[in-house]
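Asks: Here are the chains, one letter per residue:
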Amino acid sequence: MTATTALSALQAALAAENAAIFGYGAAGAHLTGSSLAAAEQDWTGHHEARDALAAMISRRGATPAAAQAFYQLPFRVHDAASARALAAHLEEGVTSAYLGLVAVSDQGLRRFGALAMQAAARRAAFWRGRTQAFPGLNLLTRSVSHYGEARPAPGRSCWRPGRRRRRRRCAPPTTTRTTTSHPYRNRRRHSPRAPARPG
Amino acid sequence: MLIASATTLPLLLATAGCRSSDLFTGPDPLAGPPPLGHDVLTLQAVIASEESLVQLYRAAIGGDLGSGAQRTAARSRTLGSLLAQHEQHLAQLRVRLVQPPGTSPTPTARPSAARPSANGATAGPPRARVTVARLRAAERASAADLVQRLATVPPALAQLFASIAASDATHVTVLGG
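Protein chains in written order, with my numbering: chain A, 1 to 199; chain B, 1001 to 1177.
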C-alpha cells in the first residue's frame, strides 16, 4: 500500500475523531453524573487522539483535514438514552475508521490503529452496554460520512466540558486546537499515543 | 498413448534422463504437498488459540452449572454471551483458512494436544475450575497476541485480527479488567 493510502487512512481517522468531538458535545448536553463524567473523559480523549493524528499527518508532509463546521447527527438526541446511543454510535464510527489504518503497510500504523480500535471498542461497549464480536468490521458497509452532510437544525444545543448543563450553539472544532486542560478522570484508558515514525 | 500418472511420470522422466523439476518452472508436483505458507500457519495458530479460549469458557460455564447459586447463574449468562462471540470469531477465522487437500487441520485443535497456546489457555479440557481472573488473563493475552501478528499478515487478515483483538479487549473490561 502506498504512502498516499496511509495518509488517506490517517485523514479518515482524523475525520472520525473530529466527528466524535462534535458529537460528544451534543450528547453531553443530555447527560448527568457519572455519564457526564464519562463523556467528558471521552471528549478529552478524542481531542488528544485528534491532535496525535494531526501531528502524524503533518510529519508526513501533508495538511490535516480541517473539521467541518457542522455535522448532521444520525438521529435526534433528546434525552440521556439517545445521548448514550449517540456516544456508542460515535465510538463505533471511530473504531471503523481506525480499522483502515490496520490495512496499511506501515507496521507502526497498523499497531497504532489496532490499539486505537481497542480503546474505541471499549468506549462503545461502555455506552452501548454490550460488546460486539467484530468491532469496526460491521460498519464497513455503512457510510461514515453521514455526520458531515448537512447543517444542524437552528438552535441545536451542544455541550463542552467546563460548561456543564449550559447549552449553547455549537462552535466548529478546529484541527489546530491543543489538548484541553480539562481534569482527566481515570475511568478508562484512552487512545494510544502516536507511535514513533518508523525510520 | 501414454498417460503420465504420479507413478509413471518419474519413471518416464528417469528414462529420459531428467528430473521432473527440469520440466516445470514452478514447484515440483511430485515432491509432495508444498509447505504451508506463513499466512496459513499464522491462521492455524490463531484458530488454535481461539479454540482454546472457547474451551476455557465452556469449562468455566460448565463449572458454574453445578453450583446453582444466583450470582453464579448471572455469571454464566455473561460468560455465555462472551463465549458466543468467541465462537463467531472461530467461525470467521475458519472460513479464511484454505488448506491444500491432504494436509491436517489446525495442529493444536486436537484435544490430545494440551500444550499452552498464545493466550495462556490449554487446548485440552481444563481440569481445574476456571476463574474469571484466568479468563481475563487469557483474553488479554489473546488481544496482545493478535496485535503482535498484525505486521506479517495481509491487510484483510490484519483487519480481522484487529477486530477480534478489539472484541477481546472489551471482554477484559466485562470480566473486570
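Please keep in mind that the hints were generated in silico from the structure rather than gathered at the bench. No residue lacks a Cβ here, since even glycine has one placed at the ideal position from N, Cα and C. A hint or two may mislead.
Here are some chain B residues pointing at chain A (derived, C-beta under 10 Å) [stated by the list, open to error]: (1) L1082; (2) V1132; (3) A1169.
Partner residues aside, some chain A positions facing chain B, computed with beta carbon under 8 Å [what the hints assert, rightly or not]: (4) R111; (5) L115; (6) A121; (7) A125; (8) Q132.
Asks: With reference to the structure, classify each hint as holding or not holding.
Replies: Verification of the hints:
no.	hint	verdict
1	L1082	7 Å, holds
2	V1132	15 Å, violated
3	A1169	4 Å, holds
4	R111	6 Å, holds
5	L115	7 Å, holds
6	A121	4 Å, holds
7	A125	4 Å, holds
8	Q132	6 Å, holds
The structure shown violates just one earlier hint, number 2.
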